[in-house]
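Q: If you want the building blocks of each chain, they are given just below.
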Amino acid sequence: MATVQFTDATRVYPGADHPSVDKLNLDIGDGEFMVLVGPSGCGKSTSLRMLAGLEEVNAGSIHIGDRDVTDLPPKDRDIAMVFQNYALYPHMTVGDNMGFALKMAGVSKAERQQRVEEAAKLLGLDDFLNRKPKALSGGQRQRVAMGRAIVRSPQVFLMDEPLSNLDAKLRVSTRTQIAALQTRLGVTTVYVTHDQVEAMTMGDRVAVMKDGVLMQVDSPLALYDNPKNLFVAGFIGSPAMNLIEGVVSADGISVGDYVVPVPRETLAHAANEKNLVLGIRPENFDLGSGNEGIGIDVDVVEELGADAFIYGTLAGTPDIDKLTAQQIVGRISSRTPPHRGTTVRLNIDPEHVHVFSKATGNRLA
Amino acid sequence: MPRFLSAKTDTRLITLPWETPLAEWPEEMLVALPRGISRHVVRFVRVGKEVFAVKEVLEHLARHEYRLLRDLTRLDTPSVEAVGVVTDRFTPDGTVLDPILITRHLQFSLPYRSLFSRGVRQDTVNRLVDAMVVLLARLHLIGFLWGDVSLSNTLFRRDAGAFAAYLVDAETGELHDQLTNGQREHDLTIARTNLFGEFCDLEAGGLLDEALDPLVLVETIESRYRELWGELTGVEEFDGSEMHRIESRVRRLNALGFDVAELDITTDFAGSTIRIQPKVVDAGHHSRRLIRLTGLDTEENQARRLLNDLDYYRARTDQQNADESIVAHQWLTNRFEPVVNSVPAEMRAKLEPAELYHEVLEHRWFLSERAGNEVPVDQAARSYMDTVLSQLPDEKLNLSGMEAMGPLANPFDPSQGFVDDEVDKPYDPWETESDDDTPEEPATPYLDIAALRRAKG
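Keeping their order, the protein sequence lines are chains A and B.
Numbering follows the working numbering, in which position 49 of the first sequence is assigned residue number 49; successive positions increment by one, without gaps.
Numbering follows the working numbering, in which position 182 of the second sequence is assigned residue number 182; successive positions increment by one, without gaps.
One chain only, chain B, in its complex shape (with noise of 0.2 Å):
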């Protein structure tokens, strides 16, 4: 019987055909969601109304990824979040099958494939390359080496605008108090490498604008991480009479999306030199206000763009005075949710709700500009819906994306690779030769001493 290692087993997932290899699980419990290649078998199967990502893996790989990634939930990280492992899975006829990590499917998110495949503008690439440094130096806080970093293992969601970026594949990954400055540089070393070539690969595809140059786009990742990470850890020392640079750095931080928990603060003896640097930083400085005010759990730019709606409706119904918690509950019932809850049904899956509501005080804009004056927001909504949301598709889980490269050879397993119609297999000596003299280890675990010495002579 199957076992399963999970903090609160979702009972629909116990009846899954554990005892079947997953390559050959029935299709009709698959869903074939675009993603990034993958050396393991993956699948994503539908259960109920809810969509899991299950990968067959070894078991200690199996392990250890569940375990980093409910660390990373812990922490606060953006990344996908661990359901089970599925281990002792058995064929009828006694075969062993590798061990299962369940994660569940982030809804509303977009593989960086499909983002590319409708051709893509250089400020999304530029939204895009920005939301995976900010997941790095994220990471990188809190003590996470990634070890395989790639827009493969990220996924993407929208942001007011821009993207925030999740971790998918924590298998290479380590949790450490504190990483060296050697590990970062690795970690950057790899990510250069990787973002490089899957350029290179969209490139190769005909999907990649002309106008982007996959080397500047690396170099960017690299010098954006270098002035992100600068702003958050690095020391800053002036003169005594610049106090006031304290409270800035603060709100740099601030406009970054990042808390300050700790500043280190030291002065000479006579006080004459003061030395800064942030010691703790933590992300989601607007996203946790706009919880805390309003229950709402969003990105950290959606946050952002809903807290200036908030000051805005503020200030319009003139209650600067009033408590900012009591303000933030009739925005909530009086702007917010009419928006949101006016969204039929049938068009509730294409975008979030804050994302949502941040697209209509966009669109409203765009109408107060052309009428010269201020749109009401539930007319900009009605507006918004009619032109512009029933003509986007869907994206609470998205389908689309993997048909620009051509027909799959399996539509549930991109690695697979793509319909081949090269028939004939080149010539491999290696692979050729060793079909001949298969015995080259025996079943035991034991050192064949004898061997060794007839080998090593």
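Chain A extracted, bound-state conformation (with noise of 0.2 Å):
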């Protein structure tokens, strides 16, 4: 087992002219695991494939442990690449099937045996040792190929994106099993998910790119309540947050008629900035009464047990506006949910209205 460190870790592909990874400073800590999420483009996958050994290093360093693998070939870094291989041989055993690359490494066959057994006990797979691969499920055959990953007890686990190829149901299944399997073995693992809500129910931490370069890394719980710029507060949560820019007043941020409040603290942080945008999560809207809260044209409505999603525009967009203006989602708990067509109040709970300088991106402490 093993800490990751990427150090100013950048990669330029030849004639490009942006670094595709650019200063990626990250430390992933001994038996965490680490997901790198972001939408395509973003450099995770290459940030992955920088520490794997495929994607050389333009400038900075990777380490592994102790070990610089910066320059080493993939096959000297001892990491292995989990769901590489699917294929089941049909004259093998399942134990065969799972420990057939020690026997390629030189593994003695007593040491082979005893670490299959060990990956089977693991992976539930005990009594198919013996079998020939013939009617295994789908989900079995995931399985084997983990097996196939644990027998070698590598330092590090890479995934790239392993759920891409599953059908709806077995992405699921799938996503459970890694994430017992990864705490029960307790082997550093590195994920990349274009997926936001795999990286948040999978990962210790979660690292957000964009364009080559970190956004944040934190608990999936950090991200969510305390993003640290625009990007990460739209990427992060589904639906996604509102992103409403407002005007700066006295006591608050005011949206159409209505002043939100928020702390003078907050707004000192703000510099010289007229504008800044006020970011608030569904579900921290509630239904307001009279003149609080900010106006909402609603759209659609829809419910969702105990709750109800309001799609709508800020109250008084002219209709022909209506369908490039801005959206915003709020999720209401009530049992008697406006209609479409309404016009209603949102409260915001003020304990999580977050602020971001329009100039910059950035959350205003």
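Watch out, some of these pointers could steer you wrong.
[Unchecked claim] Which chain A residues face chain B? A few, computed with CB under 7 Å, are given here:
hint	residue
1	Pro-73
2	Pro-74
3	Tyr-86
4	Tyr-89
5	Met-92
6	Phe-100
7	Gly-124
8	Phe-128
9	Asn-165
10	Leu-221
11	Gly-237
[Claimed, not checked] Ranges between beta-carbon positions, derived for each pair:
hint	chain 1	residue 1	chain 2	residue 2	range
12	A	Pro-73	B	Phe-238	25 to 33 Å
13	B	Glu-50	A	Ser-108	50 to 58 Å
14	B	Phe-90	A	Arg-67	52 to 60 Å
Hints were generated in silico from the structure; no laboratory data involved.
Quantities reported herein were computed from a predicted structural model and do not represent experimental measurements.
Where is the CB? At the ideal position from N, CA and C, for every residue including glycine.
Each of the two chains sits in its own frame; use the hints to bring them together as a complex.
A: Shown next as structure tokens:
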């Protein structure tokens, strides 16, 4: 087991104007499950491949434990790409299907058997070891693939969008299985996905990337509750956080005819900006009464048991602009949600108002 | 209605039963060709006289693979031809079906399992390994990272006594401008692991000659690849007095079947040390020359063989000073075509024309040796068809090969394994438990933050 450390690690493709990964600094703890997430082209896969040795590191360094692996070939890094190989060989037993790479590496028969048995136990495949893989289910095949990586007992597991080629049902069950296994094995794991729900449910910590730059690395809840900038705020959470531009006033930020209360000390960080961006998660809205709250013209209501999502635009937006106007989403706990076509007031829980600089996109502390 | 993404759609494909899950397509449409194991549903479908491979796969993967295979074809790299992607599939009751990728079945191709099924000689294995190495190097030269190098993902065609390898599955592939050493090493590591597994599997099934050792085989692959890659791309430095080494490097590459399109030559200030490195090399040195001269599109070794015969014909007819293309035309009409056309219709599906011609030349050599004098080609061709060709199986659509491993549970889908005599299912705690609590995930795409707070506490 080992830590992983990226220090100013940079990858520039030949002929490219911008680095694909720009001075990445990331420390991954021993046994930690780190998820790299971001939209396509953000540099998450490239970062993983730099760690795997598939991409050159043009500047900076990468360490696994105390070893500088920056210039080592992939096979000397003691890492395993999980789910690289799904093929099951019909003439070999499940045990041999899991352990054949050890045979290639010259591991003794006794040790091979021991490692395969341990892995099979972890994976619930003990009773299958001496069977041919004739009729294994999709999930069992996934586990044999995991077993192939486990028996190698590498320092680090790497997984690059491992669920992207599975159907929805297998995706959910495999996700749970990977997370459970990782906890039991305690092997440092770096996992890449574009799916923030996957990232948030699986990772001990999540590193959010955009345009080759690390935006924030934190525990899933810290990312959700304290996004450092507008990108993380908008990327993490679904439905996404509402990001509404408003004008700074004495006691807060005014949106339409309503002033959202914001502590003065927060506003003091705004330097001389006249306009700031308010971040409000859908569940931090509540139905207001009278003139309290942001006015919303309701376009769609989606009921989900005790709650309802309401989708709308700021009150008073002319009909002709409604299609292009910013959509506001609120999650309301009410037995009698408003009807579409009505105008409602949405109150905001002052504890949960996020404020961002419009100029820099950064959170105002 | 299903939607077709295709460069030129074959209209006969439009009427296939796209609204039915592929696993349930009527058997009379299917062909039981031997093939590798796949994690998707794959079937071979006969449409008119042609056979297509159809694979049910998630949309982003289908589109990705379609584009990559088109790119590989455009870059003249041996791979199966992508025909199209079918999306928007629904059953009559409205259930959504996964899209389908359609590729054309490669005629006269042999999956490795059918080559191995009849017991295999060491030199055949070596030739397969060589074909695989050439394919991998060619893919790497154009910047293609395969990601799942294996015999299962490769098809072989006969090539004048050797084999030519074709890429079948590009699902995990990526096309880059240029590969890094790390990427090539990664592909090589995967190749080692997968091929080792495949050889061990053949060994476990009693299909590998006892003299062959899986470990030695994969080590051979690795060392041959490194040798070939070094020759194709390596830097060579020599003294200014050894200028002939430029010419010999080019000749060595030609002999390996590659043309040099760009050679980087640098000298030091005094001009005493020369440094050369091939920058762009293209495979198909001989096949390009043959196609230019005769219009025949063949594999590389077949081309080499046919070109040798053309040179021989030229010398025999004393036309060394005549225009090469005129002699080539004569050779085509007087030598090649009469042999190929003399094959009875019922035997034409046994071997490709170029391979057949190569075999006739081989046969003629044996006959001449035995007779002690040169046997004419037409006579050798007749003898070959009577004594050899009539005994060979059809290879245009190779249906043999799977039976050696026992009856398949489904003849159209080797991934389902063999007829299973073990009825009892072993205990699997993971699947037994998950049957009880099925509601694992709400159907909405929303992030359930409350559940996450509870879980992460």
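Q: The structure should be examined with respect to each hint, and the outcome stated for every one.
A: Going down the list of hints, with the structure as the test:
1. Pro-73: Holds, because the Cβ-Cβ distance from Pro-73 of chain A to chain B comes to roughly 5 Å (cut-off 7 Å).
2. Pro-74: Holds. Min distance 5 Å.
3. Tyr-86: holds (5 Å)
4. Tyr-89: Hint holds; Tyr-89 of chain A Cβ to chain B Cβ min 4 Å, cut 7 Å.
5. Met-92: It holds, given that the least Cβ distance between Met-92 of chain A and chain B is near 5 Å, below 7 Å.
6. Phe-100: holds (5 Å)
7. Gly-124: This interface hint holds because 4 Å falls under the 7 Å limit.
8. Phe-128: Hint holds; Phe-128 of chain A Cβ to chain B Cβ min 5 Å, cut 7 Å.
9. Asn-165: Where the cut-off is 7 Å and the nearest Cβ of chain B is about 6 Å from Asn-165 of chain A, the hint holds.
10. Leu-221: holds (6 Å)
11. Gly-237: At 6 Å from the nearest chain B Cβ, Gly-237 of chain A passes the 7 Å test, so the hint holds.
12. A:Pro-73 / B:Phe-238: 25 to 33 Å: holds (28 Å)
13. B:Glu-50 / A:Ser-108: 50 to 58 Å: holds (52 Å)
14. B:Phe-90 / A:Arg-67: 52 to 60 Å: holds (54 Å)
Comparing the model with each earlier hint shows no violations; every hint is respected.
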